[in-house]
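J.: Taking the hints into account, I'd like the entire structure generated from these sequences.
Line order of the protein sequences matches chains A and B. Residue numbers for the first sequence follow my numbering, beginning at -7 and rising by one. Residue numbers for the second sequence follow my numbering, beginning at 56 and rising by one.
A few of these clues could be false.
Claimed, not checked - Quick partial rundown of chain B residues pointing at chain A, CB under 7 Å, derived from the structure: (1) D92; (2) M96; (3) E115.
What the hints assert, rightly or not - Pairs of lysine to any residue, SDA-like flavour, derived with a Cα cap of 20 Å: (4) A:K534 - B:S95; (5) A:K452 - A:D405; (6) A:K314 - B:M96.
Worth flagging that the hints you see were computed from the coordinates, not collected in a lab. In this text, all values refer to a predicted model and were calculated from it rather than measured experimentally. Ideal Cβ placement from N, Cα and C applies to all residues, glycine included.
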Amino acid sequence: MGSSSVIRKTADDLRAVPNWADYAAERSDFSWQAASRELANLPDGGFNIAHAAVDAHAAGRLSEKVALRFLALDAAAHDVSYGELARLSSRFANVLAQLGVAKGERVFVLAGRIPELYVAVLGSLKHGAVVSSLFSAFGPEPIATRVNLGACRVLVTTDRLYERKVAQWRDKMPTLEHVLLVREESGTAIPAGTLDLAALMDAASDTCTPAATTAEDMALLHFTSGTTGTPKGAVHVHGAAVAHYVTARYALDLHPDDIFWCTADPGWVTGTSYGIIAPLLHGVTSIIDREEFDAERWYGILQDEGVTVWYTAPTAIRMLMKAGAEIPRKYQFPNLRFIASVGEPLNPEAVRWGKEVLGLPIHDNWWQTETGGIMIANTAAFDIKPGSMGRPLPGIDAAIVKHNEDGTLTLIDTPDTEGELALKAGWPSMFRGYLNNAERYRKCFAGPGNAWYLTGDLAKRDADGYYWFVGRADDVIKSAGHLIGPFEVESALMEHPAVAEAGVIGKPDPVVGEIVKAFVSLKSGFTDSEELRRELLGHARKKLGAAVAPKEIAVLPTLPRTRSGKIMRRLLKARELGLPEGDLSTLEAGG
Amino acid sequence: MTQTDIRAVVLATLKSIAPEVEVDALSGDRPLRNQVDLDSMDWLNFLLGLNKRLKVEIPEADYRKLVTLDDVVAYLQAKVD
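T.: Following this line, the structure appears as structure tokens:
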């Protein structure tokens, strides 16, 4: 990490006046309270995300401006203006009102990046419901777990996804009352127990008064994975929008005339915070591609849509690199002026690849589901340290800490010393709880007055104040930028009659960071075979979906366990990687 | 190789990555990824598997032509011949 590798910025690198040019002054002058005054309050003084992000613009000079531009392979671009988005989200809010959905009740969306997803998210917020967008590549089991944990009352999905992932499991979701279907298959009858969303929308009024929510009312529910137990439902409030707004200004350098493309799916927190809310708050035009990754298609979008600010992920960047240098030579990106990446540390080669191929270096940043928005970033006006996550944004105080056995915290001030990354509690998009799990929430905070949020990420800070990710403090797997809880995968494998025990690890992969690898031992009467491993793979994929299921399964005679009976995932991982096995004093004999 | 042979190799490759897929239920003329749950990595492994089994080069620039099962079979047929 010598200074030679730093990417120095000069005035020539800036294609717009940066929103943040003086690091120290901006940080010292900043206050969340002042920032919150830049967003539109409700007429009575409350705050509602949908009002600030959509209705306030629709009522003003941005009414005709394109808010969302949807791209698809087999159709022309579909533009939705701020005015239209206000009307559509009002219709959806009125549909919820008609179904008797009360303030604070949960609406889930399970869909690809179709317009209805965005309308449902914003309409739910406008109605005062709490909304959660689930990744459409989840299998039936992760869907049911989350629906039940969140006490979902209304689910918005497509006929295809309903048939494949919900219909047969519906009796396992007792709180789910209404399923609103988007019809993708023409000519088929609407399944029993569902409602046709388009028909309900047509019949609803396109005006509505936003619910009288306050900044502290629950708005969004994002699920994230831990090492043990079921997924955690991180609760975010309407006031989080202030952080979405401010962080997009500083870390993404959004300007009013930008064409912004966030490639993340709204099934993950990035796709909601920066794929829906932040660009709307700024009144910019967002590009949304409904298709899966395709190198040539992506270069084409950057060029043809005139994307100016691009927020993407390391996996996508590495897939573009893998596709070779020939394809991008056919395209030009004169409008592109800022690129950022999030999900996992971006390797220095990838940062520099951006400069060579796209003409701009890539700015890595760091945050997580619990933080709700970007906390630490390499930004437009300042030098990039490739491989680092950058420096804390205005309004954010970070530290490297040691969490002591007695519960106290020691702040580590010595540069380049590894510890846990902690953030001073109190920014607006900080999560306000894990649903139904106050104890787990409490454990995330420590220090005097529980003033520090412990991120679970190990990191270092260098002498210049840049932070460097080291690893997770737990066994959570990070694949393609998404957290996958080993317990959820192990549980699904254990449901197969042949499996006696299962241990799941993240196996390093050059493209997606880590892939999910499972080790299982078999019950007596079953023997290892190619056929059985395939059956297990199919079983896991059917239950968990492609995004969560293991990519590799190995059968072992027994799995290493601690004396207290816990499967030692770390040892499985060390053996997989051929690493020293470390302290085995707790290992049960024979493991 | 006949078209039937190639189709069989394509389906076997698909099954090796996603054993849960019921191949008889697939429509050849609808986008494959609308019918089966494959993430980006599965899709790359699928194309890589075809490359290995059929010894056919599939340049990245051609990936976008491979949308339906019929597309994939026709593409490979032209390359194998």
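J.: A separate judgement is required for each hint: does it hold in the structure or not?
T.: Tested hints:
With a cut of 7 Å, the hint placing B:D92 at the interface with chain A holds, because the nearest CB-to-CB distance is about 5 Å. With a least beta-carbon distance of about 6 Å to chain A, the hint placing B:M96 at the interface is held under the 7 Å criterion. Checking B:E115 against chain A by beta carbon gives a least distance of about 4 Å; that is within 7 Å, so the hint holds. Distance check on the hinted pair: A:K534 and B:S95 sit about 17 Å apart at the alpha-carbon level, within 20 Å; holds.
With a CA separation close to 10 Å, the supplied pair A:K452 and A:D405 stays within the 20 Å bound. Distance check on the hinted pair: A:K314 and B:M96 sit about 13 Å apart at the alpha-carbon level, within 20 Å; holds.
Consistency with the previously given hints is maintained throughout, with no hint failing.
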